[in-house]
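Given these sequences and hints, build the entire structure.
If you read the protein sequences in the order shown, they are chains A and U.
Using my numbering, the first residue of the first sequence is number 1, and each one after it goes up by one.
Using my numbering, the first residue of the second sequence is number 1, and each one after it goes up by one.
One or more hints might be untrue.
It does not matter which identical chain is meant; a pair holds if it fits inside one copy or across any two.
SDA-like, lysine to any residue: derived pairs with alpha carbons at most 25 Å apart [as the list claims (entries may be wrong)]:
(1) K2 with E88
(2) K186 with E198
(3) K22 with P83
(4) K2 with R149
(5) K2 with T148
(6) K186 with C44
(7) K22 with A86
(8) K186 with A42
(9) K35 with D136
(10) K116 with F177
(11) K22 with A159
(12) K22 with N85
(13) K22 with N197
(14) K186 with D60
(15) K35 with A135
(16) K116 with V126
(17) K116 with H132
To be clear, the hints were calculated from the coordinates, so they are not data collected in a lab.
Number of protein chains: 2
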Amino acid sequence: MKLHGYFRSSASFRVRIALNLKRLDYDAAFVHIAKGEQHAPAYCALNPQALVPMLEIGGDLLTQSLAIIEYLEETHPHPPLLPANALERARVRSLSLLIACEIHPVNNTRVLQHLKRALGQSEEQVNAWYRHWIADGLAKFEAQLQGTRGSGRFCHGDAPTMADCCLVPQVFNAQRFQCDTGAYPKTMQIFAECMRNEAFDRAQPSKQPDAE
Amino acid sequence: MKLHGYFRSSASFRVRIALNLKRLDYDAAFVHIAKGEQHAPAYCALNPQALVPMLEIGGDLLTQSLAIIEYLEETHPHPPLLPANALERARVRSLSLLIACEIHPVNNTRVLQHLKRALGQSEEQVNAWYRHWIADGLAKFEAQLQGTRGSGRFCHGDAPTMADCCLVPQVFNAQRFQCDTGAYPKTMQIFAECMRNEAFDRAQPSKQPDAE
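Laid out in structure tokens, this is it:
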């Protein structure tokens, strides 16, 4: 198994956590997103989406972090990253998608670059944009954690799920952009619990071979 | 079953298609997104994410369109909206997420409103933003349809899947904003095939009771 990723990519970080939680060994290949290596013809020939992560298994190439995690769940079910019950699975997927669809896409590298280059926004304006969507999204995440049944030491129950794989990279991003996280106590308590887990800790950007 | 949605919401549209494909009857409740009804305290008490769609089943409330579709797939497996094989399921999920994570979030109502109100962008600039991300995303979608094995009359094989439930609302958005879709022949061929299917046709915005 080979994971094509980038140390700072949240989506790559999610898959690294899932692989570690499932105790799956993998080789790493590095695609430097800030330098635009995802647009290199050799990479696009493998992944027409020109995004990371991409997981290579035998001759097969899997893309999109949540699709990769669902695949790992189906092919390596232990330990599970989704509950057994359909309603609980829906809650975990909803929390995961709240991050993957509502927060992260609006703040990813190519959107920030477009704000600068095409819309002429300053560094400071781009940072304000970033913090706006983090605040909007984490407030919704906190409200859902607190307002729906199921949260425990982790986002759902007392063991890590796909939702925690999504949450931790998003909190790393919030901290990197100095967002105030004081308004999200349950979220931050779960983040702290995750970071005491070796699988999460070892997946963090600064511990990757391509970290700068 | 009651679907809380909005005629023009892409994410609601995805779930309407899935419900129709699975021949599930549902009641509809309407949340007028352009008027901000998703922020009404009574709605937020049910859905802390303040988003549509939300599917009410018995006393349970499901949120996030793809989590809802996965739940419907698990509880009403026929006809299937995901293939049986794990690798093929990963391809369908990747195509679905390419739309749900890479195109749609950057162009949703609250982002467009923020561009206008906080960043002072004109109507014309906002439309250019919209078309930019449609072109970026549909080009990637077309490349993946053509560059990975599995496409048939539909995104994957010859029957509709979750990927088609995501594609069709996105193409409706592209057409509403007069995006040129000439560069995506395979995508548009599949879109046309979908629209010949009653389940897709009946789910379209203009045919909903709350359409304006």
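Exercise. Tell me, which hint numbers fail for this structure?
Worked result: none
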